[in-house]
Amino acid sequence: MSVLALNFGHGALIQAMNVIELRDIYKTYHVGELDLPVLRGISLSVKHGELVALMGASGSGKSTLMNILGCLDHATSGDYLLEGQEVSGLSADGRALLRNKKIGFVFQSFNLLARTSALENVILPLTYTHEPLTDHEANRRAMELIKLVGLEDRAHHEPSQLSGGQQQRVAIARALVNRPSLLFADEPTGNLDSRTSQEVLAMFEQLNREEGITIILVTHDPTVARHARRTIHISDGMIVDGDFAPPAPGGAA
Amino acid sequence: MRRIRLFRILRTIRTALKALRRNPMRAALTALGIIIGVAAVIIMMEIGKGSSAAIQRTIANMGANNLLILPGTAASGGISFGAGSVMTLTPQDAEAILKECPAVRSAAPVVRARTQVIHENKNWVPVFIFGTTAEYLAVREWAAMAQGDMFTDSDIRNASKVCVLGQTLVRELFGGASPIGKEVRVKSISFKVVGVLSSKGANMMGMDQDDILIAPWTTIKYRVTGSSATTANQSSASPAASTQVNTLNKLYPSDQLNLYPVQSAAQQANTPLPVRFTNIDQILAAAQSGPEIPLAIRQITQLLRERHRLQPDEPDDFTIRDMTEMSKTLSSTSTLMTNLLLSVALISLVVGGVGIMNIMLVSVTERTREIGLRMAVGARARDIMRQFLVEAVVMCLAGGAVGILLGCGSSFLITFMLRWPTETSLAAIFSSVIVSASVGIIFGFYPAWKASRLDPIEALRYE
Chain A
1 MSVLALNFGH
11 GALIQAMNVI
21 ELRDIYKTYH
31 VGELDLPVLR
41 GISLSVKHGE
51 LVALMGASGS
61 GKSTLMNILG
71 CLDHATSGDY
81 LLEGQEVSGL
91 SADGRALLRN
101 KKIGFVFQSF
111 NLLARTSALE
121 NVILPLTYTH
131 EPLTDHEANR
141 RAMELIKLVG
151 LEDRAHHEPS
161 QLSGGQQQRV
171 AIARALVNRP
181 SLLFADEPTG
191 NLDSRTSQEV
201 LAMFEQLNRE
211 EGITIILVTH
221 DPTVARHARR
231 TIHISDGMIV
241 DGDFAPPAPG
251 GAA
Chain B
1 MRRIRLFRIL
11 RTIRTALKAL
21 RRNPMRAALT
31 ALGIIIGVAA
41 VIIMMEIGKG
51 SSAAIQRTIA
61 NMGANNLLIL
71 PGTAASGGIS
81 FGAGSVMTLT
91 PQDAEAILKE
101 CPAVRSAAPV
111 VRARTQVIHE
121 NKNWVPVFIF
131 GTTAEYLAVR
141 EWAAMAQGDM
151 FTDSDIRNAS
161 KVCVLGQTLV
171 RELFGGASPI
181 GKEVRVKSIS
191 FKVVGVLSSK
201 GANMMGMDQD
211 DILIAPWTTI
221 KYRVTGSSAT
231 TANQSSASPA
241 ASTQVNTLNK
251 LYPSDQLNLY
261 PVQSAAQQAN
271 TPLPVRFTNI
281 DQILAAAQSG
291 PEIPLAIRQI
301 TQLLRERHRL
311 QPDEPDDFTI
321 RDMTEMSKTL
331 SSTSTLMTNL
341 LLSVALISLV
351 VGGVGIMNIM
361 LVSVTERTRE
371 IGLRMAVGAR
381 ARDIMRQFLV
391 EAVVMCLAGG
401 AVGILLGCGS
411 SFLITFMLRW
421 PTETSLAAIF
431 SSVIVSASVG
441 IIFGFYPAWK
451 ASRLDPIEAL
461 RYE
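Sequences listed follow chains A and B, in order. No gaps in the numbering here: position 187 of the first sequence is 187 in my numbering, and each next residue is one more. No gaps in the numbering here: position 413 of the second sequence is 413 in my numbering, and each next residue is one more.
Just so you know, nobody snuck in bad clues.
Below, a sample of chain B positions facing chain A; criterion: calculated Cβ distance under 7 Å:
hint, residue
1, Phe7
2, Arg11
3, Ala376
4, Val377
5, Arg380
6, Pro456
7, Ile457
Worth flagging that the hints you see were computed from the coordinates, not collected in a lab. The beta carbon of each residue, even a glycine, is placed where N, CA and C say it ideally should be.
Hey, can you work out the whole structure from these sequences and the hints?
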């Protein structure tokens, strides 16, 4: 049983609750005089321990939706409950705190700090925790996650010395170091070849299955989406299908 | 909570150091502006301080630190007779000033005369005939004697007929030959020349300072000016002295007619005369340094008022003159110098600061994705701001530290190789640390603010 599982075993109360609960989300960008609606009434829910794919063509609004879900942006209107907590009204600082505590990000381009060891990269989110950890504790936790992604022998390598797949695994470790409730992967295999893509996706599946981590994969690639148990299709700012979980969700949780 | 805050600051500093270490070349080049600026400030300040100390010494040599204490003013029926018209100063006052006023470096009593000096077939009227003590040379900061020695304290006690001559007098009376051991006559008193002063040239008023004869004040007072202990100064006493006819059987011209029958020893013991102090014409004192002149004046005033037993409502029975003009020149010279150097230093530091701002702006642009990532993993705007600000300040402080070393090293080399006077300036070191930190904050603020205002979504997407 990993330490991570502790976070996901809060008990029946949280398990019964949805991690994500979106109600009628609208997002409109104002370009000069024009109103540009990007999201038009999105409602969806994600339960604990789900592995969900968010699919849509470019321009469909899936990135905007992910930004809102990831608390990087706020909706023009609608309600967003993250683990039962109302998020839409939070300030920028409040959202930063929430991102730090509850959300992990994995990006297409890894976004690792150059000339910084894998270990230091994984420690990065711990720098911004509300109650700072001691160096020793931070190191221990980062090392645990590096082990989890199978890079313990590369912990002190810099990104330039790692392959793409390894870099993405460092990024995954970094996303998980604060024990988030939710892991977002934005086109995580976009910069990888097919073999390492499979490895990384297998890792997501493993994390979801064994550690019970809730993962949302954002992609436009159906082969990636196939790894998810549920796929939310989005088109023209509206959900086409898959907005609510099927009655009997799988997963370790 | 306090502990956490401290912890966070330490962590921010470490993050900043790590960020700087990721691009050491750029950090070093950026800091170079500050390094050069701070080093320039320190070199300038140290050279400036050294030369201004040298200039001050030179000006002090001209007598800028000197204080002239003159006896008080007599007034009768509303008519003032000008400075020195009452005799109130004694040689003991001079001794007391030296002993009890810490701001006074040295003090000498002065008795003046103006008369002819004769050697063989030549004669000359020197500008100055001063009766004083050996201390006089210290007051005037007159360098070592050119020949011979200054007279001693025992010469003063004995009113010995010895004197030292200025260069002009030597030239006029001896035609350049060594006067040591020879005799000169002043008012028919023979003085043995024991020393020759080194040349000092003209003073600020253009008077030849080498046209001087210095003798023990007792000798000048009792043997030359002919005033007894009870008479007034030379100006009021001179008529009495000059009307006397010097004859060969009169050893001292100051001999006066005895108007009263000579007292017997018993009579003297029965009717002691009130002791009157010996008067002198002026006291010349030197303050420890230019800035201490006002303090010295205060101390001397207080001391003399006490010694002269003046009531608080009585006016001073003496006046103290300082060389205001000279000390003003002195202070304005150094102020001008300091201001000049300060402006040069300021410009170089501003240039360094602009360099920092420039590089920090480039750095913010270059690290947009990093900023976006940091924001995505939970950094608040103020965390980003703090990080960049700390980076700038760390760079400036590190640059400042190197600059201090470089500056001190260079000024040492300058002293060592060029023999320019320099003086280590702690003020310069402290102020350059403070200035480099503030340059970091001021010029790091805008880039840091810009970084903190980035939108995480845009920043993450930035190519």
